[in-house]
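Undergrad: This is what each chain is made of:
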Amino acid sequence: MSELLGIIGPASAILVHALIPLTIILVYALAAIWGERKIAGFIQDRLGPHRVGGWHGWAQSIADLLKLLQKEDIIPTDASRFLYKFAPFMMFTASYAAFAIIPFSSGYIGSMINIGVFYLLAVTSLLTISVIMGGWASNNKWSLIGSMRSAAQMVSYEVPTIASVLTVVIVAGSLNLMTVTELQSGNDILGFLPNWFIFQNPFLIITFIIFFISILAEAHRVPFDLPESESELVAGYQTEYSGMRWAMFMLAEYADMLLLSLLGVTLFFGGWNSPFGEFMAGPIWGFFWFMGKGLFLVVIMMWIRWTLPRYRVDQLMHICWGILIPASFVNLILVALWEVIF
Amino acid sequence: MNDIMNITTKEAGKREMTINMGPQHPSTHGVLRLELVLDGEIITDVRPNIGYLHRCFEKYAEEVGDYSKVIPYTDRMDYVSAMNQEHGYVTAMERMLEIEVPERVEYIRVIVAEMQRIASHLLGIGAFGLDLGAFTPFLYLFTEREKILNIFEKVSGARLLYNYMTVGGLMRDVPEDFKTDVAEFVKTFRPKIKELNDLLSYNKIFIQRTADVGVLPEKVAFNYAASGPVLRGSGVKWDLRKNDPYSIYDRFDFEIPVGSGEMGTLGDSWDRYIVRVRELEQSLRIIEQALDGMPDEGDVTEAAPKRIRPKAGEMYVRTETPRGELGYYIISDNKGGPYRVKARAPSFVHLSLLRAISRGHLIADMIAIVGSIDIVLGEVDR
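Just so you know, the sequences run in chain order A and S. Each residue of the first sequence is one higher than the one before, counting from 1 in our numbering. Each residue of the second sequence is one higher than the one before, counting from 1001 in our numbering.
The hints are simulated quantities; they were obtained by calculation from the structure and are not laboratory data. Cβ coordinates follow ideal geometry from the N, Cα and C atoms, glycine included. Among these hints, one or two may not hold up.
As the list claims (entries may be wrong) - DEER-style ranges, computed between Cβ atoms:
| no. | chain 1 | residue 1 | chain 2 | residue 2 | range |
| --- | --- | --- | --- | --- | --- |
| 1 | S | Glu-1218 | A | His-50 | 46 to 56 Å |
| 2 | S | Gly-1157 | A | Gly-243 | 38 to 48 Å |
| 3 | S | Ile-1042 | A | Asp-78 | 19 to 29 Å |
| 4 | A | Ala-31 | S | Ala-1356 | 45 to 55 Å |
| 5 | A | Trp-55 | S | Glu-1063 | 51 to 61 Å |
| 6 | A | Thr-307 | S | Gly-1157 | 32 to 42 Å |
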């Protein structure tokens, strides 16, 4: 596909490459918000949205989006206007830009660069800055506390995330996510299991657990949703935001959730590889498997959200610095040793 | 950049930040305003501000000129346990008038009061979980509360503010299927307590959030005149249904659950929480016994006086509501209405505890503490 577009012209190719992830994100976000409400409903013994659009209220998120579009754009008098307006867009840009190096299928990756993982980790760091920006510019004490919590949390949890990503990179020997995925093709383990990294090395299962806990915190999901913990900090850094600006924060948050899930799928669950070897393989099926696995992780995150209470800020930090970081580095050495010995 | 420096310039040079929690805050259980003085996230001082829901209950009672017209207003004090509020007031009035209430009335009153206690505790427990970020238990518990409200709707016609008990009797008799409805509820509700324990009470995160938080030692509890689950959470066996029985509570066999500090320190938030959960079971026991003993026939309005005019004098009656000791102090000057009605509301007393038990904790703990003392602002402000 990308060769074909190269003939038409590099400019249109860049545009298309930019639009494909954007379309995926927007469609996913609408579906995921509806899905989250439905899942919450089913977990809580109720039906969830059930009116708008007929079939199981499928148009609920579209209706909400239209409502948010019509809302008055309120900017607090004492807010720093530029930073206040800029923060939500910067947040969305940070998670959107990172989609460039995600290999959606064997035939499509936004940008084939050799330092893919490094780029992703660098770009998503901008999320922290935009959260601080929004919280500080709102000139609201609750927003400020929320954004400070958020900064501490995201900076801390980046360490175990990076350490666990690094562990996989050691095994794969490449920072390019396409190469990482290609290395996981085939069904050779025990004769039937796919060659996914999670099955290749027992210590990588521990790595995945550390990675998953860290991305829950990175994506502000329960039990680590302290930056916007509604029952404590009103709405954290989002307190003063309304209308479309608030919607941009939500969109970025859902996009971030998908991004980190897809990263997890690429690193541990074989990316676009079919679990049945050659059966149902190919670029189109690849996209199906990739998104399917990613959405599965997203659903697990939602499931956790509607089941568990929230941690306190000092406990959150203890989990990160006291447990996850030492564990991830010890695990890094163990994985490396396993790779050397076997 | 001057405009964005406001937060810091106003409080420049100070290490501490003052922040308003409420009156529009999701976790203050109504319109409570807490002025928090923070050092980082640590609370160095807290000043509760009340009065946002003040409706002049006591002044109204003086002006209304009719003893029975006070009853609907007692409902509105603690609006999540309206039956218990009525129960206290009518008991006080009956002692004042020296009325002997029929057996059937007493049994029905105890059954609805205990059902109301369960409903109120379900709300308290659910909202406590909600404060700590556990959304789902809240809705599970509301499903059960709904069943109680449905029974109350059949009984009194209302779902929240019943105006069901009258001086000397009840507004009307219970419907025919009342006994089966209640028995059915008791049967279906018991397994839900275990479900609640699995989902919330013994959840590791929940325990970490509540154990050792807001420790209320026995001595402080006495000094502040705490009562109800807050006092029992500190390990004191004190329940007016046993210690100073009113109505027919001396006939029933039940236990007083007390906190034991099993997850942390004695008197912490978890202890106060678990006392409420264990009281659900005890209330079910009382309901079962009351259903067995309830006479099938009897006129529930026969003892109600046509004209209420007590002799000049005064009466103080205290009853055990879900939140603690509710006292009514009524002075009569031999007219149609009370000269003075003073309510001693447990939530008001417990709110003053906040300052004593929350200093040095984090903001998140403040939420847990407010949730664990389970205040209702309607009762605080009256």
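Undergrad: Please go over all the hints and tell whether each is borne out by the structure.
TA: Okay, the hints, checked on the actual structure:
Taking 46 to 56 Å as the suggested C-beta distance range, the pair S:Glu-1218 and A:His-50 conforms, at roughly 51 Å. A C-beta distance of roughly 43 Å is found between S:Gly-1157 and A:Gly-243, which places it inside the suggested range of 38 to 48 Å. A beta carbon spacing of about 26 Å between S:Ile-1042 and A:Asp-78 agrees with the range 19 to 29 Å that was offered as a hint. A:Ala-31 and S:Ala-1356 have their C-beta atoms about 50 Å apart, which keeps the hinted 45 to 55 Å range intact.
For the pair A:Trp-55 and S:Glu-1063, the beta carbons lie near 58 Å from each other, so the given range of 51 to 61 Å is met. Between A:Thr-307 and S:Gly-1157 the beta carbons are some 38 Å apart, a value that agrees with the proposed interval 32 to 42 Å.
Against the hints set out earlier in the document, no violation occurs for any number.
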